[in-house]
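Line order of the protein sequences matches chains A and B. If you're matching positions, the first sequence starts at 79 in our numbering and goes up one per residue. If you're matching positions, the second sequence starts at -14 in our numbering and goes up one per residue.
Careful, some of the hints might be misleading.
Calculated pairs, DSSO-like style, for lysine-lysine (alpha carbon to alpha carbon, straight line, at most 27 Å) [as the list claims (entries may be wrong)]:
#1 Lys72(B) - Lys89(A)
#2 Lys88(A) - Lys147(B)
#3 Lys89(A) - Lys147(A)
#4 Lys148(A) - Lys88(A)
#5 Lys72(B) - Lys147(B)
#6 Lys88(A) - Lys72(B)
#7 Lys147(A) - Lys88(A)
#8 Lys89(A) - Lys148(A)
Note that these hints are calculated values from the structure, not bench results.
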Amino acid sequence: MNEAHAEDIKKHVRAYIGVFVALALLTVLTVFVSYLDFSRGGHITIALLIAVVKAGLVASYFMHLISEKKLIYGALILTVLLFAALMFLTLSSHMDQRGI
Amino acid sequence: MQIPYTSTARPDTGLYNAKLGVWLFLASEVMLFGALFSTYVLLRVGAAVWPHGADILNVPLATVNTMILIGSSVTMVMSWASLMMGKFGRFRLYMGVTILLGFMFLGIKSVEYGAKFEHHLYPGNSTFLAIYFALTGLHGLHVIGGMIVNAYLWVTGSRMWKSDPQRFTNRVEVAGLYWHFVDLVWIFLFPLLYLL
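Kindly generate the complete structure, drawing on both the sequences and the hints.
This is the structure we're talking about:
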């Protein structure tokens, strides 16, 4: 490995430590918030929001999605669309049953 | 037949083959867990009453387990970064810690399961427990699978470092992609099952 490359990796390592601290703090935050007095909808929104931020950090930095090739982005966009369709179908069947 | 593009990137995709392969596998994993997550949503919105996870499950233990899994993701990525810097000894250390943290996660999970069984709480008792055991059980199997791969890379698989260091580094990277995905799934399971 050449020196410039090794320097690059060292920068990555600093980012990994930062992400770890952020993930740990967000975990504490999500547990703390769960004890506060919000409506059920409020709790679900906040917990999912924190989970999405945490997942984004893991995917972007640990899985290097922040600087990945187009082909992988393409495959993941398709995955997100199919996942959304799966959720939509499930929820629409529920709404249909209730006549909403 | 030799597998092409294990060390270097394929010119048209810009990726070495294993990386694209693992990402496609992870896409299928999203749909596997997605099916169960949508089941959870359907069961929950359709239920007359839904228990608060914290009343049945052990939140402090699960919080510790979340920290353990996040920590193992860091040590996993550090094991790859060590190889990128040519430090094989560091790789052995970080990968060893990753495997150890995997054992700790499973140990705590089994304590949790044991406590449920002691109180005669089984998957058949309620819809909540059924989806709890299904989701965490499938996740636990994924942890075990990842640990087997990591253990292989830690012991016999690491011989490749001498013969083809780039290919070995790539193997550790894709094993890491899978391990981070397992962490990512837990990031959603923890609030959904324990906190909401």
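Taking the hints in turn, this is what the structure says about them:
1. Lys72(B) - Lys89(A): Roughly 16 Å between the alpha carbons, so the hint for Lys72(B) and Lys89(A) holds.
2. Lys88(A) - Lys147(B): The given pair, whose Cα atoms are some 23 Å apart, holds under the 27 Å limit.
3. Lys89(A) - Lys147(A): The hint holds at about 20 Å.
4. Lys148(A) - Lys88(A): holds, 25 Å
5. Lys72(B) - Lys147(B): holds, 12 Å
6. Lys88(A) - Lys72(B): holds, 12 Å
7. Lys147(A) - Lys88(A): Distance of about 22 Å is within 27 Å: holds.
8. Lys89(A) - Lys148(A): holds, 23 Å
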